Amino acid sequence: MIAFILKRLLIAVPVLLILIVATFVMMYAAPGSPFASDRGIPPAVMANLEAEYGLDQPFLVQIWRYISGIIFEFDFGPSFIYRDQDVNDLIAQGFPVTLTYGFWSFIVAVLVGGTLGIVAAVRHNTWLDYTAVGISVGAQVLPNFVMAPILVLIFTLWLGWLPGGGWQGGQIQYVILPVIALSTSFMASIARIARASMLEVLTSNYIRTARAKGLPMRRIVLRHALKPALLPVISYLGPAFVGMITGSVVIDVYFSTGGIGQFFTASALNRDYGVMMGITVLLGTLTILFNLVVDLLYAWIDPKIRY
Amino acid sequence: MTKAFLGTTAAIAMIAFGGAALAQATHPDTGEALSENQSFSYRLLDQFPTLDPQLIEETAGGHVARQMFEGLLTQNADGTLRPGMATEWSSDDNQTWTFTLRDANWSNGDPVTANDFVYAWRRAADPATASEYAWYVELSQIVNAAEIIAGEMDPSELGVRAIDDHTLEVTLNNPLPYFPQMTVHYTFMPTHQATVEQYGADWTDPENIVVNGAYILDEIAVNEFFHLAKNPNYYGADDVIIEEITGYVINDSSQALARFQAGEFDMMDSLPPATYPRLEAETPDVAHSVPRLCSYYYVINQSESGNPALQDVRVRQALSYAVNRNVITDQVLQEGQAPAYSFTHWATAGFELPTIDYSTWTQEERMARAAELIEEAGYGPDNPLELDLIYNTSEAHRQVAAVLQQMWRPIGIEVTLSNYEWQSYLELRGNQNFDLARGGWCADYNEASTFLDLLTSNNSNNDGKFMNEEYDALLAEAATSSDPQPLYTQAEQILADEAAIVPIYHYTQTFVLDPTIRNWPFDNAENNWYVRDIYRVADGS
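As you go down the protein sequences, you meet chains A and B in turn. Under the working numbering, the first residue of the first sequence is numbered 1, with each subsequent residue one higher. Under the working numbering, the first residue of the second sequence is numbered 308, with each subsequent residue one higher.
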């Protein structure tokens, strides 16, 4: 088990390196520059800017500086756009925000989605099933960029209960709307996966045996059916969790939370090379880590899987 | 005893507090009843990249810098010059300028001296600072600026010196009558040398920053908000009514408007597309449209790489005549924009527009003439001229481009529209890989040359490569003339005759403002606002 974890972590190192190099190459090849503007910067000024950020160096020097900075100093370099900040600052400020609303979204999505899915499966083809399926289909087709304005319309403009955006250090009233908007579609997916998987498990032979023995339904579901039914849900949850805690462009843009989600597109569009690389490395690391966690959870749930 | 004492203290405190509140309750000049809430908050479209005056290169950061730093000169509500750190300024020859500074302190108590300006201006030009706005120092014609930026001279050679603590002398390469206007810009605001040198890139952090303006940075969360507090060490602090400023970064305009309407902040610009007419009709005291010194136009590629037909003036004129600008301003954009027949914005200070012939024609007359011209040039509906048009991705740009396409079709010009994201678009436009390209240009200072210089032969932003010796000569003459306005008028006439570009419209700034906020500088065509001039009146007054 320990050996398995170590092996996976060792493999992660070259994977991350490949990720960094591939991203760097794509970034290098992309047209445009972080300093381009419709003002048309004079060549002398542009040369000074490029020298400041090392962009005048050959490709290999640039990429070596970048990778060695990360490895030896854990320094992701400066932001090319936010000149008062470096990439570490930006991530240190923004990641706690997305981690907070992403974590709560995850909890809400799992609890509500899981419950809906299981109830729907257990009460298959009853009004409870139809209601749960209806809710999850509704939530699925309502993307968060539609949800967000609707939520602000209802809770901020009409009812005046909650602020329409901001973060203010993560006070509860600022977290509620982002969590609802972000968790909805994940919740719907979890409900559908949980329902399908539970239905399958409930029709399997060993559950029929348990029923034949006269065990109460409640005990069958909780004791025998739940764990195996969770397997597909868990393989979905690993990447979903990473997706949630690294935030969402839509949530950050609509609710001005100051999270790192918006950097995904903004840094690419602005050619803010440093931030783009930092975010990619962060996302890559978390994805590798949580895929490992999912694999370990598998072993715990399914006795047939051993490492 | 104790109880009685406490009671008395409380009563005295209440009287003192109430008295103070009463004393502040009316505006000293207008007598309007002031609100107890003297805070001002507004929405920012995007996070500003920096608050370092020498590094700022966009408007959002510029607005904040204007509250925290005070340059030699500032602007009145109508955009005219007003003393800032300098109380007097003069020049005998428009080439050597002398500024006399007032007694004022930085927020840490240090005096503001002429050396603070010398330091800041050298810093702006210094290659080691790597400022995108170093070119502004060069544009201002200060002696040796270009050589310093190119790394050929030491920054200490810049043509600016402190004669004494209160006297600053600036030497220019050639006479520039509007140099004082240029000192309003954030690039020329002073910075506190000791603070910059001690903290490096972190000097603008709230715990380190030292300012000389009316407000000081108190808190900032990137992409979320920032908060400024009143600077008690500002020389004019007694006249400043607004106590605090908060800016909220909200990218999405509809979301921002909903939050404005829920009362979360006092002002926002960049309204969602097509909402202004409705807002203006429903809440005329909240929605405003004012001139903004930017021009929207189409660049015509007249270089070798463009369609050769575009080197024919008849084709260019036909392109310009066929555009029904009123349809674009009144039916597509609907924010009070003015149809443009000139490059220079109509509201530019001192600028007098020439009578451009085709601006007085009816659209039918223009279309008829355009059809004639294009036929003379050898094209027509049966033998259409095919052109590539590029624009940067945006709903409004797409709409304008689509309308233009329809307007050009009847006279036999078939345009293919391509949109690119901003960086790719700049690359294509800068390398003349287009026939027609959307262009927008905003004034750096309130004088016609900020527009007209762009189309001189050697200007690096002349993406259409319009080349005209007579035009270049006029602009060169204007740069040293004591009365350049007639020359600008002539230059515009050349642009119109040669159809150097296709002017489309002159911008307006549309915004919503809480009606309790008073003294907003609606007439400042550069949209420079100083929160120290505004105040909030009590509800109902």
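FYI, nobody ran anything at the bench for these hints, they're computed from the structure. Computed from a predicted model, the values in this text were never measured in an experiment. Think of the CB as a built atom: it goes at the ideal place given N, C-alpha and C, for glycine as much as any other residue. Hints may contain errors.
[As the list claims (entries may be wrong)] Stretch-level coverage of chain B by chain A, calculated; a stretch enters the list once three of its residues show a Cβ under 8 Å from a Cβ in chain A: (1) 355-361; (2) 440-454; (3) 523-531.
[To be verified] Residues from chain A that face chain B, not an exhaustive set, calculated with beta carbons under 7 Å: (4) Ala22; (5) Val25; (6) Ala29; (7) Arg83; (8) Asp84; (9) Thr156; (10) Leu159; (11) Trp161; (12) Gly164; (13) Val250; (14) Phe264; (15) Ala268; (16) Arg306.
[To be verified] Computed far set for chain A versus chain B, every beta-carbon distance over 10 Å: (17) Ile41; (18) Val45; (19) Leu49; (20) Gln57; (21) Val152; (22) Leu157; (23) Glu200; (24) Asn205; (25) Val253; (26) Tyr254; (27) Leu269; (28) Asn291; (29) Lys304.
Status of the hints after comparison with the structure:
1. 355-361: holds (count 4)
2. 440-454: holds (count 4)
3. 523-531: holds (count 4)
4. Ala22: 20 Å, violated
5. Val25: 17 Å, violated
6. Ala29: Constraint on A:Ala29 not satisfied, violated at 12 Å.
7. Arg83: Since chain B brings a Cβ to about 4 Å from A:Arg83, closer than 7 Å, the hint holds.
8. Asp84: 5 Å, holds
9. Thr156: 5 Å, holds
10. Leu159: At about 10 Å, which exceeds the 7 Å cut-off, the nearest Cβ of chain B leaves the hint on A:Leu159 violated.
11. Trp161: Violated, about 10 Å.
12. Gly164: Since the shortest Cβ distance to chain B is 4 Å, the answer is holds.
13. Val250: 9 Å, violated
14. Phe264: Violated. Min distance 13 Å.
15. Ala268: Cβ of A:Ala268 sits 9 Å from chain B, so the hint is violated.
16. Arg306: Cβ of A:Arg306 sits 46 Å from chain B, so the hint is violated.
17. Ile41: 6 Å, violated
18. Val45: About 5 Å separates A:Val45 from the closest Cβ of chain B, which leaves it inside 10 Å; violated.
19. Leu49: 5 Å, violated
20. Gln57: 15 Å, holds
21. Val152: 5 Å, violated
22. Leu157: 5 Å, violated
23. Glu200: 42 Å, holds
24. Asn205: 53 Å, holds
25. Val253: Nearest chain B Cβ is 4 Å from A:Val253, so the label is violated.
26. Tyr254: 5 Å, violated
27. Leu269: It is violated; A:Leu269 is separated from chain B by about 6 Å at its closest Cβ, not greater than 10 Å.
28. Asn291: 29 Å, holds
29. Lys304: With a cut-off of 10 Å, A:Lys304 remains clear of chain B, as the shortest Cβ separation is near 47 Å.
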